[in-house]
Amino acid sequence: MRLPLLIDEQELNNQVKRELESLKEKVQQFRDWRNRRIAHRDLDLVFDEQASPLPSVGRQHLEEVLQAIMHVMNLIEDKYVGASTRFDVVVSHSGARSMLFYLKKGLMCKE
1 MRLPLLIDEQ
11 ELNNQVKREL
21 ESLKEKVQQF
31 RDWRNRRIAH
41 RDLDLVFDEQ
51 ASPLPSVGRQ
61 HLEEVLQAIM
71 HVMNLIEDKY
81 VGASTRFDVV
91 VSHSGARSML
101 FYLKKGLMCK
111 E
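Residue 21 in my numbering sits at position 21 of the sequence shown; the count goes up by one each step and never skips.
If you're looking for bench data, these hints aren't it; they were derived computationally from the structure.
Some hints here could point you the wrong way.
No more than 16 Å apart at the CA atoms, straight line, and that leaves these computed lysine to aspartate or glutamate pairs for EDC-like [as the list claims (entries may be wrong)]:
hint, residue 1, residue 2
1, Lys-79, Glu-9
2, Lys-26, Glu-63
3, Lys-79, Glu-11
4, Lys-24, Glu-63
5, Lys-26, Glu-64
In this text, all values refer to a predicted model and were calculated from it rather than measured experimentally.
Please construct the entire structure, taking both the sequences and the accompanying hints into account.
Following this line, the structure appears as structure tokens:
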């Protein structure tokens, strides 16, 4: 883990290390899924009917992992900036209408 190497304050460093260790355990399920399904294309999984299936990755578990990541980010931000960020609240000005607007603008500029 490289992030703790960048934190000089020992108390925050230790806290971030603990949180990252916990996070590492939480993401193991995703890592296994990625390794077997996407990155390495597990041949046993593809051809062997007896192979253990990929673990199910539920939305609730994903939310817990994202919350843990947000917590680590906010620990650091709170220490150095004195604030925190609500990563779970996103205001988006995107969507189909926005995309069409910018495509239309691009075509107008091209002409």
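For each hint, the structure was consulted:
For the suggested pair Lys-79 and Glu-9, the alpha carbons sit about 10 Å apart, so the restraint of at most 16 Å is met. Annotation: proposed proximity of Lys-26 to Glu-63 holds, straight-line Cα distance about 11 Å (limit 16 Å). Of the pairs offered as hints, the one joining Lys-79 and Glu-11 holds, with about 11 Å between alpha carbons and a cut-off of 16 Å not exceeded. For the given pair, Lys-24 sits about 15 Å from Glu-63 by alpha-carbon distance, which is consistent with the 16 Å threshold.
With a C-alpha separation of about 8 Å, the suggested pairing of Lys-26 with Glu-64 holds against the 16 Å cut-off.
The structure fails none of the hints (numbered hints given earlier).
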